[in-house]
Structures are given as structure tokens and as C-alpha cells.
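Single-letter residue listing:
2 protein chains.
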Amino acid sequence: MVGFINRARNTDMNASLSFRQYYSEKLDLFEAYLKQSFPTLPKEVKILEDSMRYSLFAGGKRLRPVLILTTAECGGLDPQIALPYACAVEYIHTYSLIHDDLPCMDDDDLRRGKPTNHIQFGEAIALLAGDALLTHSFRLISSASSTSVSETNRLKIISILAEKSGIYGMVSGQVADIDNTETDNPSAKLNFIHRHKTGALITSCIQIGAILADFDPGEVDLLTEFGQEIGKCFQIQDDILDEIGDEEALGKTPGTDQRNETLTYPKIYGLEESKKLADLSYQKAIASLDDISKDVDRLRQLAGFVLKRDH
Amino acid sequence: MVGFINRARNTDMNASLSFRQYYSEKLDLFEAYLKQSFPTLPKEVKILEDSMRYSLFAGGKRLRPVLILTTAECGGLDPQIALPYACAVEYIHTYSLIHDDLPCMDDDDLRRGKPTNHIQFGEAIALLAGDALLTHSFRLISSASSTSVSETNRLKIISILAEKSGIYGMVSGQVADIDNTETDNPSAKLNFIHRHKTGALITSCIQIGAILADFDPGEVDLLTEFGQEIGKCFQIQDDILDEIGDEEALGKTPGTDQRNETLTYPKIYGLEESKKLADLSYQKAIASLDDISKDVDRLRQLAGFVLKRDH
Chain A
1 MVGFINRARN
11 TDMNASLSFR
21 QYYSEKLDLF
31 EAYLKQSFPT
41 LPKEVKILED
51 SMRYSLFAGG
61 KRLRPVLILT
71 TAECGGLDPQ
81 IALPYACAVE
91 YIHTYSLIHD
101 DLPCMDDDDL
111 RRGKPTNHIQ
121 FGEAIALLAG
131 DALLTHSFRL
141 ISSASSTSVS
151 ETNRLKIISI
161 LAEKSGIYGM
171 VSGQVADIDN
181 TETDNPSAKL
191 NFIHRHKTGA
201 LITSCIQIGA
211 ILADFDPGEV
221 DLLTEFGQEI
231 GKCFQIQDDI
241 LDEIGDEEAL
251 GKTPGTDQRN
261 ETLTYPKIYG
271 LEESKKLADL
281 SYQKAIASLD
291 DISKDVDRLR
301 QLAGFVLKRD
311 H
Chain B
1 MVGFINRARN
11 TDMNASLSFR
21 QYYSEKLDLF
31 EAYLKQSFPT
41 LPKEVKILED
51 SMRYSLFAGG
61 KRLRPVLILT
71 TAECGGLDPQ
81 IALPYACAVE
91 YIHTYSLIHD
101 DLPCMDDDDL
111 RRGKPTNHIQ
121 FGEAIALLAG
131 DALLTHSFRL
141 ISSASSTSVS
151 ETNRLKIISI
161 LAEKSGIYGM
171 VSGQVADIDN
181 TETDNPSAKL
191 NFIHRHKTGA
201 LITSCIQIGA
211 ILADFDPGEV
221 DLLTEFGQEI
231 GKCFQIQDDI
241 LDEIGDEEAL
251 GKTPGTDQRN
261 ETLTYPKIYG
271 LEESKKLADL
281 SYQKAIASLD
291 DISKDVDRLR
301 QLAGFVLKRD
311 H
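From first to last, the protein sequence lines are chains A and B. At position 124 of the first sequence the residue is numbered 124 (the numbering used here), and the sequence of numbers has no breaks. At position 4 of the second sequence the residue is numbered 4 (the numbering used here), and the sequence of numbers has no breaks.
Isolated chain A (complex conformation) (with noise of 0.2 Å):
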């Protein structure tokens, strides 16, 4: 983790210094919460407890997260009360790892440096925590016992949580995503499997950001507008990375994407047309900010972490 913060050094090093230290400190009020609430399940499956902690626990960057609590405390919400909802959208994402790392699927061996979930526990245990987590998932914000959100707005969130993580959102990606058919259009698939595999859900997260810190709903739309693009920007960076990565600052194998035929940023467009694209899609997130009232400044700041990372 300490490396994350310290790889996202080539911004201008004032608000950076700034800004990576409240990365950090939302990353701590995160893990202390992700961890405190963690269950613990009987002896008799202590496994699929073992296997959903591997998992949630195997140092990913926290993105998601982050981006819900600081679009919450910039609305002015104490960051506390969006805790649940920030791991409710952590479980997810760590069950869509699992399963796209699965024989089935990508059949990754390696991820973020370690051996994947179904290496370490085997494919129907791996199988299972990703249900497991994801089924959680909507537990933890249905029985989340802070009454400051209104019950309106919880199930507002759920619903969007199941809409992009769902047929509507992530998994339709993941399914456009490993369709091998041939198309006549390709850069219109590549645009609908990131929309949906992972714009879907970074999107998600400021809306759930902006609806827990009640932000109008014209300003929600705003919000969406610009977490859509930082969504963009965040799959094309993850292309460019793939292509040009190494292993050891990725975690996994590089060139994967490229291996399996997937349809990639760099391999439509080129290297140099990709990252003015990922630049681009920073540009107009930025500026779907300017007609917010409140202080965004924390977001501005965010937009350029996820354009800048390394890995």
C-alpha cells in the first residue's frame, strides 16, 4: 500500500503530499472498520471464512472505497457513516475478482503478487466465497445500524448497488467481455464491456457517495457524469498498464488480455491514442465538477490519482 502512495509522487507535489495523506487517512478508517466487522463463521466452515478473508484482505488499493467516503465527506457527511456501504462495494469487488480469476473464466493463477483463491482453496471453495461475499454484501447495508441515512435512501443504494453489479451493469461486462465471437464493430464492444465491467461500479460509487450526503439530485447527476469518466479513465490506465506493466508492479501477469484476445485500449487505438483518451476522459470528469456548490476539491484530487497510478 505504502507503495501506491508513494508511485503517485508526479503530481504536483504540494496538493499531492496533501492528497496522499488523506488517502491514507481514509484508508486506515476503512481497513480498521473492514476488519472490526468482518464475521466470524462456525467451526464447521472455518474455510470459507479463511477464503473470504484471503481475498478481502490481499492488499488491493481500496479505490472504491475510497471514492465513497471521500464523495460523502465532501457533501459534508461524517465519513464514519458511510463505513458500511464502502465495504458492502469492497465485498463485491472482491467477489468479481474471485470469480474472474476461476479456471472457467480468465483462469488466473496470480493476483496482486499472490496466489489466487481457488489455488489457495480450491475452485468450489473459491466458488462459494464469491457468493458469499457478494450475497454478504447486501446484508451488511440492509442491517447497518446507523439510523443517520434514511431508510429511503438505503434501499436507493441497494438498488443501485444490484444494478451495476448486476445484469446491468458488471456481469453483463464480464459476459460481453469473454464472448469470442467476431464483431464488425470492435471499438463499440470494448466501450460496452468497460462501461459495464467497470465504470458500472466505480459509477455506483459516487452515486452512493452523493445520495448518502444527500447532494441534490441535479448535482447527483453530475456526480454520475464524472464518475463515469473517471471509470473510463480508470480501464483505459488498466489497459495501458497491461501492455506496457511489469510484473512486479502489477501483481499479475502482464499482457494477459492481449494472450486471451481480449479487445483492449492500446490494441484498438494504439498506445499514445489510449493515454490522450485516458486524459481526455480525466478532462471532462474534472469538469462535470465545475457546477457543484460544495467543495470538490477532494475529487479533483482523486480524478488525478486514478489517471497518474502505476498499478
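None of these hints come from the bench; they were simulated from the model. What you are looking at is a predicted structure, and each value in this text was computed from that prediction instead of being measured.
Which copy? The list can't say, so a pair holds if one copy fits it or any two copies do.
Straight-line distance between alpha carbons at most 20 Å, and here's what the computed PhoX-like set of lysine-lysine pairs gives:
| id | residue 1 | residue 2 |
| --- | --- | --- |
| 1 | K35 | K61 |
| 2 | K189 | K43 |
| 3 | K189 | K46 |
| 4 | K284 | K294 |
| 5 | K275 | K308 |
| 6 | K189 | K267 |
| 7 | K61 | K308 |
| 8 | K308 | K284 |
| 9 | K276 | K308 |
With chain A fixed as given, assemble chain B onto it according to the hints.
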């Protein structure tokens, strides 16, 4: 389905006839709603829609939705209002069947007399169709448009459903079921498996119906007991049917459980004692209804139906 209804003949003729009609009516109501509310997906992911539909409309008994509709109606609620909740549970039940059948789990080729989802669509799509069904179930509840159910009750139902189908229920039951390590207390293990794997979701149906119809908290507890006992009765019957059933009636290869060295009631207690245990659960279920002030005769009949089913 007609066969299923006809086979319930060996109960008292008049009550049975009217109950068969009742079940059939609820079934029609449910099937129509399930069909009408089934989502249409964009052309890019038509195969996901096909795969979800294939398993969702594979001719299941719909016991779980009918349990919800019946409990809600006994409590005086228009069953129409309970339909999205009944759908959600059937989505979850269907997802669990698809994932259970996968090669890394039970590796079954046949389900309800048809090729299993992964035989028909491949493992990757089957896995994702399961993920999609599970996720969408929470969207069905959180975005249900009727205002007849309070937001408090909707959140309570989501929490129960995530509890009973996740780490505190179905997923843990499945984890214990595939655990092949030696046990010095097989009947305790069997009890754990069935209480979690099948019992929890069946119990949740009764609880959901009871909450929807605003039964008193004390009566919800009694109905929960009822749900637990019919869940147990259902599973003992399932084990008995698997032991003696024939392929035509079950739509799956009989004796699969014994072949896989899975613990079953007949294996631990013998066939005759298992039948007595099923009847005992039925009697306990019926007894728990005695102190409920509302007319719950349909639930008594449903319990008899669970006990006497032959597939």
C-alpha cells in the same frame, strides 16, 4: 407441474382437491408475474438472458414462492403484493441450483430432466447467470414499486434474505456439504448441512410472508418455527426420495448423494427411521401453528404437501 399436483392424491380427498386448486392458482399467479417481470437484456449479452431464462423456467415446483404467497395471504395480504418477493427467492433458489451443478461442485449433467445450465451454455456463462440471478434478486426487492410494504419491512426482508442465503445459511450449508473430512459426529454434521443448505431459505420464505402481512412478532416466531420444521421435513423427504426414487420421477440421477459419499438421513438413520423423523417434523410444524389467531389452514395443507410429495 400437473403431475406434481396429481401426485398429492394420497391426502384426504376433499381437502386435497381444494388445496391442489389453491396451489395451482398461486402457481399461475406467480408464473405470470415471473414471466412478465423477467428482464430483457441488450443484444450484446443475449446469451446471459437465455441462460438465466433457461434455468428459471425449467419447470420447478415453485415451493418457495408459494410458501411466501400462502403465508402472506393467511395474514390477510393480497398475494399480488408479495409477488416481487416471491420472485426474488426463486431467483436465489435458481442461482443456487446452477452453481451447485457446476463441475467443481456436484458436477451434475441433468436437472429436472434437462441438461444442466453449464452443459447447455458452458461453465463461464452458467457461473455468470448464477451471479446475475443472485444479484438481481436484491434489485427486485429494493426497486419494487408498490408502496403497500413499508420501507422498514423491505429492508428487514433484504436482511433476512441475505442472511439465510449467505454465510448464515445456504452458502455455509453447501460448504459443509462438500467438506469430505471425517467427522466423529455425523448426525450433528448432517443437521448443520440441512439446516443451512435447504432449511434456511425455506424458513426465510415463511418469515418474509409473515413480515409482508404484518403478523405480530410473537406469531412471526411461531411461523419461523413452522418454517424450520417444514424445511427439515423437506430435506429428509429429499434424502428419502433420492434413496428410493426413480430417474423419471426425480429428473436427476437417483442415488447421486450416496455415490458422492454425502451424508443423508437414510444413510445415518435408515429408511424407516428417516420416514418417522420426517413425520415428526411435520407434526412439530403443525403444532407450532396452534397458537396463531389467524386462519392458517392453507399452511397446514402446505406442510402435508411437503411431507407427502414424491419428487
